[in-house]
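Participant: Number 229 in my numbering belongs to position 229 of the sequence shown; there are no gaps in the numbering.
What the hints contain is simulated information worked out from the structure, not anything from laboratory work.
Hints are not guaranteed to be accurate.
[Stated by the list, open to error] Lysine to any residue pairs mimicking SDA-like chemistry, simulated, CA-CA at most 25 Å apart:
no., residue 1, residue 2
1, K324, T628
2, K89, S128
3, K328, D522
4, K277, S235
5, K636, K618
6, K399, L598
7, K645, V630
8, K690, H70
9, K197, L253
10, K645, D583
11, K399, P55
12, K91, E138
13, K472, K649
14, K285, E347
15, K618, K353
16, K344, K324
17, K12, L598
18, K174, K324
19, K353, R332
20, K77, T516
21, K545, K690
22, K649, E347
23, K250, K277
24, K239, T516
25, K320, T516
26, K89, V630
27, K645, K618
28, K690, G139
29, K285, A275
30, K125, P159
31, K411, A670
32, K649, Y470
33, K30, R281
34, K174, E138
35, K645, L396
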Amino acid sequence: MSVPSHLLADEKAPVCRLEIQPHFDNLSAKEKLYAHHISKASFAGTRVVLRQVSPESEPLFDLILTVARHVGNDFSKIVEACSVTEDEKEKFVEFGSQVLANLGNYKSFGDQKFVPRIPVETFTKIASITPEAAKIWEGIKEQVYQITPEGITLLGYPPEHMSAYYPDSPAITKADIETCGETFVSNGVLVEHTRLKQLKDGNFEMLVASEKTGEGSTYETKDGRKITTVYGDHSEEMKVMADELDGARKSALNDTQEKMMEEYVKSFREGSLEAHKESQRYWIKDIGPTIETNIGFIETYRDPAGTKAYFEGWVAVVNKERTKVFGKLVERAGDFIPKLPWSKEFEKDKFQKPDFTSLEVLTFNSDGIPAGINIPNYDDIRMTLGFKNVSLGNVLNAKSPSERVTFIDGKDLSLFERLRGPAFELQVGLHELLGHGSGKLLQETEKGVFNFDKENPPISPLDGKPVSTYYKVGETWGSVFGATAASYEECRAECVAMYLCPDREILEVFGHTDDTEAAAEDVLYISYLQMARAGLLALEFWDPKTKKWGQAHMRARYSILQCFLSAPDNFVSLDSTTSDHSDLTIHLDRSKIRSHGLKAVEKYLQELHIYKASADVKGGVALYDKMTSVSDTMAKFRDVVMSKKQPRKQFVQANTTLSEGEVTIKEYEATQQGLIQSWLDREEIVGAAKQY
């Protein structure tokens, strides 16, 4: 069976190095030691990430590194040893590099499976270079190449789609998962650090990530089935992480960091999410550190139910110069939030000024690396203590010389290429701080206690009537909006960025006026044009057969393009003169951004926000489904988007070593060989290949 082209592994993917050495060299010996231990803890979670993607991801990871180690990372040796061609060798290396970059065989951005560009017989020949690799391969080769039924090539609800959050549960259904989810909500059980397993008798086990093992509480579903808590998921890895974090505790730079590390250690040893929440309270209080970090089960994008989170661990050095810009934005946040299109009843009573730092990443271990982060995600902490924002500078600035800019008019090309960086930094800053950082959830915080006037509820600007819905005790934004929540919130945050970036005071905060080299009006134009282009490119992540979106942020950006297109007087148009749309070009009338584009964004943002704030899941999901439905016209453009798509960047990260009390850093060349070597050098912390 031939493999559809969109499922084939990337060819000639750009490899970028996360530049860190100069920033790391400026740290004190104690700061380096603190960062080293957290880096090691983060990489110790590698196998956890792999197990959260697909059953074959962990053995595939081990197979690739087993072959690489056997040939000393010199893959030219497999040409003769395995009787394969130079081209087949290249395609094996490209596939292996993509698995390591995504920590699994599903794309971290798009949740779509990718398969090798070489036949299974060729892969088998290469795997036979060592008995260990051959044995691993025999156990997974069918899964690696499996592309039918088609749903299995996308992450989503089992059994139609792939999800590793429900291991060894071939018969589990969406209804089962929802029933268990309701049980967890009604019992106040936090599930971010869990997986769910269905037993042969129809009962369930909630697998909790922890060093400790054994059974805990049992819960009963509404239909009488039992859910037993079982500790010790990823026990071996959780122990290594806890040990390294204890090392970080001993080298912490202040009392707050020491207490934060204590809570991380407790959380990872005992499987306590309450301890993890406590770590986040300390994290928020650790203001202006030199070394910034976070670790745990954080984001819920990849669980189809939107409640269980994937592991990520990161540590970075603060870039003090760029942080000053974000500091100015934080200082002025109280001036800018009231400009958003809702009344104070739908906004937090007090804006907790967060830390907002620009970071240079030393280590970011997860299935992918974002450009910015706003955490923690725990609603109760966000509403009371606040949150932190970070912008990842060396991720934002990682450029590949081979990257082509598509769908932009020739006359805009040089301006686009010159200002896309500043425009993206503006977007990320507003998205994280004033997007994710704004808004209030109308809640019953405990029985009979409300954070709004229950007798005189706020008036919805959408219909002029008092809101009639709110979050009940135990409900969270994620549990109410479910699988829609993650993408919906990304969309709301992106809309806040689009709504505020025309503000001249905000543009000036970021250093853009009429007199600067990156002129304010040009940066604004490129910000809108870049968002429109992102919305068009998003079609890559929409599956025309299943009508399913595979990436939260891209679904959001597609809906914002639809919002732009809905504005009158041809504010944005997608134009082509050829039948195959090969010359498809985005035209955006820069003279109408404030008069037309901004008004369309205002209406959409207001709707998104009010539905979210008032727990109106019916109205919110209906709106979002409508804005992200792909018309026949847009579907026709998908072919040209696919034909011009470029592989995502693969990042090579440094490693640190502790020897005789001194921490040193090793960087790698920005090649696939460099990427593979960086992982070979992590064997001690990730662990040797498992026995399969």
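Participant: Would the pair K649 and Y470 pass a check requiring their Cα atoms to be no farther apart than 25 Å?
Facilitator: Between K649 and Y470 the Cα gap is close to 42 Å, so the pair fails against 25 Å, i.e. violated.
Participant: If you draw a straight line from the CA of K239 to the CA of T516, is it 25 Å or shorter?
Facilitator: violated, 52 Å
Participant: Are the Cα atoms of K636 and K618 separated by 25 Å or less?
Facilitator: With a Cα-Cα distance of about 30 Å, the restraint between K636 and K618 is violated, given a limit of 25 Å.
Participant: Given the proposed pairing of K411 with A670, does the C-alpha separation stay at or below 25 Å?
Facilitator: violated, 32 Å
Participant: For the pair supplied as a hint, K399 and P55, confirm whether the alpha-carbon distance does not exceed 25 Å.
Facilitator: violated, 33 Å
Participant: Given the proposed pairing of K89 with V630, does the C-alpha separation stay at or below 25 Å?
Facilitator: Not satisfied, since the Cα-Cα distance of roughly 39 Å exceeds 25 Å.
Participant: Does P159 lie within 25 Å of K125 when you go C-alpha to C-alpha?
Facilitator: Answer violated: K125 to P159 is near 32 Å, above 25 Å.
Participant: Would you check the hint for K645 and D583, treating anything up to 25 Å between C-alpha atoms as holding?
Facilitator: holds, 14 Å
Participant: Quick one, are K645 and V630 close enough, alpha carbons at most 25 Å?
Facilitator: holds, 19 Å
Participant: Between the alpha carbons of K197 and L253, is the straight-line distance 25 Å or under?
Facilitator: The given pair, whose Cα atoms are some 41 Å apart, is violated under the 25 Å limit.
Participant: Next pair to validate is K690 with H70; report whether the Cα-Cα distance is within 25 Å.
Facilitator: holds, 16 Å
Participant: Verify the proposed pairing of K174 with K324, using a straight-line Cα cut of 25 Å.
Facilitator: At roughly 47 Å apart (the allowed maximum being 25 Å), K324 and K174 break the hint.
The structure fails to meet hints 1, 5, 6, 9, 11, 13, 15, 16, 17, 18, 20, 21, 22, 24, 26, 27, 30, 31, 32, 34 from the earlier list, while all remaining hints are met.
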